[in-house]
Every structure is written in C-alpha cells, then in structure tokens.
Amino acid sequence: MGAEVDARPTKQHVLLLGASGRTGRLLVDQGLERGYVITALVRDPDKLDAKDDRLRVVTGGATDPAAVDEAMEGQDAVLCALGPTSPAALVRCNLMRASVGALVPSMTRRGVDRLVMLSALGVGASAPYSPPLLRIAFRTMLRQVGKDKAAAERQLRASEIDWTVVYPPSLTDGPLTGRYESGQDLELKGLPKISRADVAEFMLSQLEQTAYSRKIAVVSA
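Here the numbering used here runs 90 ahead of the position in the sequence shown, where the first position is 1.
Since the hints were made in silico from the structure, they are not lab data. Hints are supplied without guarantee of correctness; some may be wrong.
[Stated by the list, open to error] FRET-style restraints, in silico, Cβ to Cβ:
no., residue 1, residue 2, range
1, Gly125, Asp263, 32 to 40 Å
2, Arg133, Pro222, 30 to 38 Å
3, Arg133, Glu271, 13 to 21 Å
[As the list claims (entries may be wrong)] Computed cross-link-like contacts, DSS-like style, restricted to lysine-lysine with a CA-CA straight-line distance of at most 30 Å:
no., residue 1, residue 2
4, Lys283, Lys305
5, Lys279, Lys137
6, Lys237, Lys283
7, Lys237, Lys305
8, Lys283, Lys137
9, Lys305, Lys279
10, Lys237, Lys279
All values derive from a computational prediction rather than experimental measurement. The beta-carbon is built from N, C-alpha and C at its ideal position, and this holds for glycine as well.
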C-alpha cells in the first residue's frame, strides 16, 4: 500500500532530465498524456522521437550549469531520470553529483521548488530496506554508481529544495499496471521488480502530492 495522499497544486511546466532514457521516454509520454508542458534537456535530440506541441526539446548536458539554468526558466518542477549510459560510466561516474550540483543552484535562483529524482534500491537511505543481493551489487560491481547516487542525495538533503527520491528495485519493460506498493520503509525480499512504466506513473504522481515531501519513496510491484 502507498503512503497517504495529500494534494499539492498541479505543476504544469516540468523540466525533465534523462528524457531519452528508457524510463525518461515513458515520463515524456505519460507526462504529455497528463497534460504537462515538458522541457526535455538532452544531449542528442535525435534520440527523443516524441512529437507534441507541449514538448520542448533543448540540447545540452544535465551536468552543464549554464544549459540547466537556461532550460529551468519558466518551469514549475523538475523530474530527473538520469542514469549511466555506458560501461565506462559504471567505473568512473559522477553524473548525479554533477547534475544535482547544477540543479540546486538553478532551481533556487529560478524559484523552482519541486524535484522528483529517480535512484535505485540499495543506494543511500534505501539500503536498509533492500534485499541483500542489491546491497552487495552496489558495494561491488556498481560501487561507483552507488557512491555517486548517494552523494547526490546528500546534496539534496543539505538543500532547501522540496525533493523526493524514488528507489525502485530491478526495472522491467512491462506494461503500466498501477499495481505497486510505495513506502519510506518498504522492506522487500527476494528479487523484487517493477516496470519502468509504473515507476514513471509514480514519479509523475509526486508532482501533485505531498506525502513524500523531502522523503524517500521505495516502490515495488
């Protein structure tokens, strides 16, 4: 069961980082279906094939403060679905630290308060609630990714931003079901999974709810 829902004013204009990724594309599609006006900051616009009058594609890197600040103008909230995109990034990774380092000052300067960020179960504050295999993965082969995500989350906690960090377990390309659990201390066992489509739905719902304001949210099917 999810957390109790409290309504917040609907955010109409949303900046999306990671829009060309597998979860990011679903955030674009579902966000447009919900009526949001989306600005997607991407390095390669050719990787984002969605076409809609309410979708603005801006070329730039999520770790570039100038590009982030330009895209931030006129926004009401930010969705971040960034993640490593190559094997090399698994070894030398500072994507999330650099991106949050660009986001927080820009959001503060532009008066944008709400950020919903995708992380991974087993990282940072979610470690106590994750199955042993996930904790081991982020201490070994995914160690650098885990350290990067955890450092970014510490940056958020030290800021005044109204953030929510979303921790899913293994992601699948399954359909949107709407059947999943969420909680700050949702303890999972075995090999839990959730579809990217359900994660995207949950992240978008947090733009309109306050239950996880400045809190973590573990989500799983």
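Tested hints:
no.	hint	in the structure
1	Gly125 / Asp263: 32 to 40 Å	violated (25 Å)
2	Arg133 / Pro222: 30 to 38 Å	holds (36 Å)
3	Arg133 / Glu271: 13 to 21 Å	violated (34 Å)
4	Lys283 / Lys305	holds (21 Å)
5	Lys279 / Lys137	violated (36 Å)
6	Lys237 / Lys283	holds (22 Å)
7	Lys237 / Lys305	holds (19 Å)
8	Lys283 / Lys137	holds (26 Å)
9	Lys305 / Lys279	holds (22 Å)
10	Lys237 / Lys279	holds (23 Å)
Consistency with the previously given hints fails for numbers 1, 3 and 5, ordered from lowest to highest.
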